Amino acid sequence: MTTTPRPAPQRGIFDEPYWRYAAAGELRLQRCSACGSFRYPPGPACPDCLAEEHEWTALSGRGSLLAWTVFHRQYFPGIPVPYAVAAVRTAEGPILIGNIAGTAVGDLIHGMPLTAVFEDVTTTDGPLRICQWTRLGPSSTLEEQE
Amino acid sequence: MVDLARLSALRDTVAIVGVGETDYPEDYGRARRGERYQDAYGYAATAFRRALTDSGLERRDIDGLVAGPALAGERLGEVLGMDVRWADQADAVQAVVKAALAVHAGVAECVALVYGNDQRTGGTAYGGPGAMGGERHLAYTYYAPWGLTSQGALYALLANRYMEVTGLTERELGGVAVAQRAFARLNPNAVMRKPLDVEDYLAGRYICEPLRLFDYCLVNDGGVALIVTTAERARRLRRPAVLLSGIGRSDHNREATSLRPRLMDFYRPAQRNAAEQVYAMAGMGPSEVDVLQVYDSFSIHVPLALEGFGFCAEGSAGKLLSSGDLGPGGRLPVNTSGGHLSGSYMQGWGHLAECVRQLRGEAGERQVPGARTTQYISDVAGKVTSLIYRRARA
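Here the protein sequences line up with chains F and C, keeping their order.
Taking the working numbering, the leading residue of the first sequence gets 5, the next gets one more, and so forth.
Taking the working numbering, the leading residue of the second sequence gets 999, the next gets one more, and so forth.
It should be emphasised that the hints constitute simulated quantities derived from the structure, not laboratory data.
Every clue listed holds true.
Per the computed footprint, the stretches of chain F lying under chain C, defined by three or more beta-carbons under 8 Å from a beta-carbon of chain C, are: (1) 11-19; (2) 77-87; (3) 96-104.
Here the structure is a predicted model, which means the values were calculated and not measured.
Quick reminder that beta carbons are idealized off the backbone N, C-alpha and C, glycines included.
Make a model of the complete structure from these sequences and hints.
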């Protein structure tokens, strides 16, 4: 477990459930009850059908690596460089941002299968559980990464 | 739907008759030495004074005012002593669009577009938890817990994906910085004038990989102003009139924060829409553009614009970037003042001024011979706008 203080998330009123589920180790996204479209970041209306009603749907936790960048400039005192940030295309469609645990930057490959893992971090606002990603393989578990 | 008949009624009816810029190398030198000799309004006032003199108009002739993003309209009017009958606030490219619409509609006859920014001495942060622009672009700050902020990092993600899809190499991308530096060397008002070849580029440090130091804009203090009026009035003024021939705009906001339009589409649908409109209104195509200006916070904007507006086929920009065609003497000169990368980061306002200077034939050593048509393409996070200008017939 890392104790590196990271920047706290921006938490608008629609973001609260996401972080509450994350704290419980669940990856859930807001989904339109009328037409089934995901909304991410969460918001007040469905961009497809404008309905307000929604539920918080659990994702499979499966995804693939869409793109990444390696930070060489230090923007945050709490996150030492270099570090990679990835855009992950989830199996359900929405694109999520995270760091890749347990894979060296040089070994990242576009399209590589990933699975969601939760990491407990310290932020400037206190402890937070955030969704990260790790290479999907038969022996890959969160415990192994740590 | 675009009403081409109405759009065409605007074509060539509005002119740019004055341009003014501050002395970017001096602004940069002073900022580097930690001297704060101007604030944003000071730079704005210098640029405005110069644009007014350039136009031959008097301050009392100006009845419209558009303030750039770092300025408050009220304070700008106060500083410049101007009580106008029409005013607005806009970024560079929208300032021209708004002024043109206002002049065309008759709510103002002579509009000053004024930009000033003390972003360097003022310590504007483009990355970090309070990254500039986060209030308008949620993605600039939303992912801070994972260490992702800054416009540069988002364009680095795009570049990573774009290179995978198109095969663009880092060496080819370096062609953008190299070509623009070659132009900057011919422009006494560009900040970075030391020679830069592709080996120097590749030796530059990464900021957010795959983007390097020379892929990033040069944050600087400074100011730019333009004066816009009717084509009729422009004919009575002393400078060669530059006419606005085309306007194209298209936004790609769906799923903007989740980065889908950026990473999956490279903003192409918005670019295509804007291209279709700007060329239809101007009655021409990309092959007739003599000088191209591209909003270049980051070098990767250039291949996106070249492909999105049909200067080359999708996915084929790499060869064009490394061919030398974009630089001095090339077949498609791009960012002839040095742009944001080597000239000065004036948030697109300097590109507007350069369009005018090239068409007037007053760009000195960097002048593109016989330039009759210039195009500006601005795509900031999927908000795509393009303008086409022509030199008025004498």
